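So the sequence lines, in the order shown, correspond to chains X and W. Using my numbering, read the first sequence as starting at 1 and increasing by one per residue. Using my numbering, read the second sequence as starting at 104 and increasing by one per residue.
Hints in this document: simulated from the structure, not taken from any laboratory. Every value quoted in this text rests on a predicted model; they were computed, and no experiment measured them. One or more hints might be untrue.
Subject to a maximum C-alpha distance of 30 Å in a straight line, what follows is the list of computed DSS-like cross-link-like pairs (lysine-lysine) [as the list claims (entries may be wrong)]:
{"no.": "1", "chain 1": "W", "residue 1": "296", "chain 2": "W", "residue 2": "397"}
{"no.": "2", "chain 1": "W", "residue 1": "401", "chain 2": "X", "residue 2": "96"}
{"no.": "3", "chain 1": "X", "residue 1": "2", "chain 2": "X", "residue 2": "18"}
{"no.": "4", "chain 1": "X", "residue 1": "96", "chain 2": "W", "residue 2": "206"}
{"no.": "5", "chain 1": "W", "residue 1": "277", "chain 2": "X", "residue 2": "96"}
{"no.": "6", "chain 1": "W", "residue 1": "345", "chain 2": "X", "residue 2": "96"}
{"no.": "7", "chain 1": "W", "residue 1": "397", "chain 2": "X", "residue 2": "96"}
{"no.": "8", "chain 1": "X", "residue 1": "96", "chain 2": "W", "residue 2": "296"}
{"no.": "9", "chain 1": "W", "residue 1": "154", "chain 2": "X", "residue 2": "23"}
{"no.": "10", "chain 1": "X", "residue 1": "18", "chain 2": "W", "residue 2": "154"}
{"no.": "11", "chain 1": "W", "residue 1": "345", "chain 2": "X", "residue 2": "23"}
{"no.": "12", "chain 1": "W", "residue 1": "401", "chain 2": "W", "residue 2": "311"}
For the chain W half of the interface with chain X, some residues (derived, Cβ under 10 Å), not all of them [to be verified]:
{"no.": "13", "residue": "111"}
{"no.": "14", "residue": "157"}
{"no.": "15", "residue": "422"}
{"no.": "16", "residue": "424"}
Some residues of chain X that are not near chain W, with every Cβ distance over 12 Å (derived) [said to hold, decoys possible]:
{"no.": "17", "residue": "18"}
{"no.": "18", "residue": "27"}
{"no.": "19", "residue": "42"}
{"no.": "20", "residue": "68"}
Backbone N, C-alpha and C fix where the C-beta goes; we use that ideal spot for every residue, glycine too.
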Amino acid sequence: MKIFRNPDVMWREETEHKQQALKALADGGEAEEIGASILFLNGTMLTLNLLGTEIWSRCDAIDPDRLVADLSEIFDVDTETLKADVMDFLGELQEKGFIRYEQ
Amino acid sequence: MSNDWLPEAPLIINFALTNKCNFKCKHCYSRNDPDDELDTAGARLCVESLKEAGVLSLNFGGGEPLLRKDLLEIAALAAGLGMTVSMNSNGFRLDRETARTLKTAGFSKVGISLDSPQAEVHDGFRGVPGSFERASNALGYLNEADIGTSISSVICRINYREIEGLIGLARKTKAGQLNFHNFKCTGLGYANKSELDLTPEEWKEFYKAALEARKNTHDLNISLDDPIISSLGESRAGSLVKGSVCGKLSLNIKTNGDITPCGFIPLVIGNILKDDLHQLWASSPVLERLRNKKPTGKCASCSNYEDCLGGCTARALALTGDINSPDPHCWK
Ligand code: SF4
């Protein structure tokens, strides 16, 4: 099964906020609460932090395991924790109609 | 995400293409607006500037957007640039063929004004006989053309006890969403306030019933855009910002290109053809004040202030002259 973005979702990376999040991480700080991108679908809006943004931007016909493998190269987190976080997040996106799974 | 998060540019723009209208609504905020209209070239430039600033969604309003002969051209430009395009219309001129052309131009959603399930009440409020039937038919044509639909009802004295009737009307016309808009005392809404507006206690009664109806309605999306509902225990968890969204997620562009926080707040922060939208968004003193309201009067000791932020800023400004005053609709 591969993950596909709903083509109706409008989205935008917030470049300055993203830079701010990257800097916070580089300085050893927290970036979880910084909205690095925003998604918009039929009046529902969602802000995504850095991890969420990296996941979302890869949701283009990608296999979930491949996605986790890609992200583990960027984020310094153990694979099991990362996989659990990614799957939780994908579940939320799917529930809200932002992504779908297809063969 | 934190609640003081602010996007780097507005996400949604409401663009009043024209102040002309074929209706005579009792609450209209634009009919007496003397501003000029941008010509086609100006409107196209406006759309291009919005795209450049990163705007995601463009909603045409007015006036009646269908009275602009170049509506389709301007909409097609916006859709072609990747923006979601929608509009609010009274539906009177929206026949089957028009619905098809709107689809081709790239409209993804059209909101139709319908204020009562009773034809004669709607027609009386909008000032044009037959408008109920034409608006209801328009919803059918839009559905046929596969354009998303919503019904927009301005809640006031004529309909605040018609919640179930309006839900029934939305089901009958297969509207995708039902928007209960709070009444604003701007333009003719101010002049006709004593006839149309409700008392704070009546607003409380309406919102309690509307929230209950929303909870019990599973086949229709019901939207309530009023921050004061947070005082009824409504968390507004789905909302990205606290208080009013104006100047935090969205802006309004008037017919002459002037930019205001919303269509009901007449404070001009710049002009889309003369100013840099990005810069205005980041540094306008008016927007700064809207985003950092200070509690005054009863808001200062209200436990809901953090969510409500004093309610609707447009109403507070229109009736008290101070954006920080408590919303005059507040019953607390
Ligand atoms: S008192 Fe002020 S903050 Fe409290 S609910 Fe009323 S308007 Fe909102």
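Between residue 345 of chain W and residue 23 of chain X, is the straight-line Cα distance small enough, at 30 Å or below? At roughly 27 Å apart (the allowed maximum being 30 Å), residue 23 of chain X and residue 345 of chain W satisfy the hint.
Assess, step by step, whether the Cα of residue 401 of chain W is no farther than 30 Å from the Cα of residue 96 of chain X, and give holds or violated. 38 Å, violated
Grab the minimum beta-carbon distance between residue 27 of chain X and chain W and tell me whether it stays above 12 Å. Nearest chain W Cβ is 18 Å from residue 27 of chain X, so the label holds.
Minimum Cβ distance from residue 157 of chain W to chain X below 10 Å? Cβ of residue 157 of chain W sits 5 Å from chain X, so the hint holds.
Quick one, are residue 18 of chain X and residue 154 of chain W close enough, alpha carbons at most 30 Å? 20 Å, holds
Under the criterion that the straight-line Cα-Cα distance not exceed 30 Å, is the pair residue 397 of chain W, residue 96 of chain X satisfied? Roughly 35 Å separates the two Cα atoms, so the pair is violated.
When the nearest CB of chain X is found for residue 111 of chain W, is that gap smaller than 10 Å? 5 Å, holds
So is residue 18 of chain X really clear of chain W, every C-beta pair being over 12 Å apart? Non-interface label fails for residue 18 of chain X: nearest chain W Cβ at 10 Å, not farther than 12 Å.
Is the hinted pair residue 277 of chain W and residue 96 of chain X satisfied, with a Cα-Cα distance of at most 30 Å? Satisfied, since the Cα-Cα distance of roughly 22 Å is no more than 30 Å.
Verify the interface restraint on residue 422 of chain W: the C-beta must sit less than 10 Å from at least one C-beta of chain X. 28 Å, violated
Chain X contact restraint for residue 424 of chain W - C-beta distance below 10 Å: This interface hint is violated because 32 Å lies over the 10 Å limit.
Compare the distance between the alpha carbons of residue 296 of chain W and residue 397 of chain W with 30 Å, and conclude whether the hinted pair is satisfied. 26 Å, holds
The earlier numbered hints that this structure contradicts are 2, 7, 8, 15, 16, 17, 19.
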